Amino acid sequence: MNATHDSPIAPVAVKPKPYIHGVILFAFCLGFGLVMALTNDVTLDDIAARALEDKQNSLSQVLPDNIHDNNPVLDTLTVRNEEGKEITVYRARKDKQVTGVAYEIFGTGYAGEIRLMMGIDAGGKLLGVRVLAHKETPGLGDKIEVKKGPWIERFTGLSLGNPSIERWKVKKDGGDFDQFAGATITPRGVVAAIRRGQEFYAANKDTLTGSN
Amino acid sequence: MSNAENSNQYSTIVKDGLWDNNGVFSMLLGMCPTMAMTTSATNGFGMGLATAVVMAASSYLVAVFRNQITTEVRIPVYILIVAAMVTLVDLAMNAWMHELYKVLGLFIPLIVSNCLPLARLEAFAAKQPAFPALLDGLFMGLGFTIALTVIGAVREIIGSGTLFADASLLLGNSFKVIEMRLLPADMGVLMMILPPGGFIVTGLLVVVKRVLDLRAGKEIQMAGAHAV
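These protein sequence lines map, in sequence, to chains A and B. Counting in our numbering, the first sequence runs from 1 upward without gaps. Counting in our numbering, the second sequence runs from 1001 upward without gaps.
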């Protein structure tokens, strides 16, 4: 950078040719593109490792350690659900026998899709449900997260017969489950997702608990 | 420039960023994240900090390259730089500060949609040496953080009855003590957490700032009209 460059009249005195703007823009795109590619390369493995840890953490919350001696993250099976969507099922085994499975379920909330991880034991009893991702209103709908409130823990130990199928709704709709003050749509979506998730298990029980 | 002039300029930059020409309360810029992310003091604080990092880095880079960027392509280059910084922060935090990322990750891509960084690049960094530009980006970002935290605190207190709820998720467990419940649960005015509350609180706080400035005998700076 020389002195004339910093003087205020310089840009007027030397008017660059039009193509030079394209060259400059290209150079910046190339430069920053390279920096981003490099950063992506450096962080790729760490990010994948973190994602795996997150999955392991969420699985360990819905598949208790004492029911399995394998690593469910690595023991997977892909099954299509009633909508044709491929569901990855994580299996917990003890002495090779499937003792429980966990898979993602999807609900429709107030602000789009709610993704949850649901664990269910071989007998069809819920081992636990945890929210993976949602876009619900902070302070209202986000009480479905376990760190914001105990609501989601209510489902552990329940099954399709307990309560009966027509009671798998929020109280406002004549069911058994609490809605939140100011937010009914979120819990309604979650309850429906958990009910459908159990129906998925009932429909595919043989495939899911099969030994291979 | 002498040292005295330098430090004078620096203290003006700091004061402008934090209060006199505050991005939210004076210039009314960055309203999109301001409305969306101030449902609680903690959210506002997190969004503000992430923005400050990106603003400092992009202001610095624009100032370094200010003689190479021609007027005709400056806006695309600024956007490129802001977007690149956001991507780098996003990737780096995801890989190496994963706990923090799980809380802040949601906010980071939103920084690109914030016009405050772009405004500072155009109004300040494009005409200044690297260090003052870095300082301007940083303190404008911190001013933004203060504004978002205050708006978030007011909305949270009235709307949910809490203050700094979940701060320990963002700052670590030692900050559990600042999480407060000021009103009993279910006493909150729900509207304050919903979008209208954001507009009402921001509007009232702009008034408060102007009244304070008038009391102090300061000239009111009109939105965006800041002479550099």
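FYI, nobody ran anything at the bench for these hints, they're computed from the structure. Note that the structure is a prediction, hence the values are computed from the model and not measured. Glycine included, every Cβ here is placed at the ideal spot set by N, Cα and C. There may be inaccurate statements among the hints.
Coverage of chain B stretches by chain A, computed from C-beta distances (three or more under 8 Å per stretch; other residues unrestricted) [what the hints assert, rightly or not]: (1) 1065 to 1072; (2) 1076 to 1089; (3) 1189 to 1203.
Hints, verified against the model:
1. 1065 to 1072: holds (count 7)
2. 1076 to 1089: As far as the stretch 1076 to 1089 of chain B goes, the hint holds, because 7 residues have Cβ atoms under 8 Å from chain A.
3. 1189 to 1203: holds (count 3)
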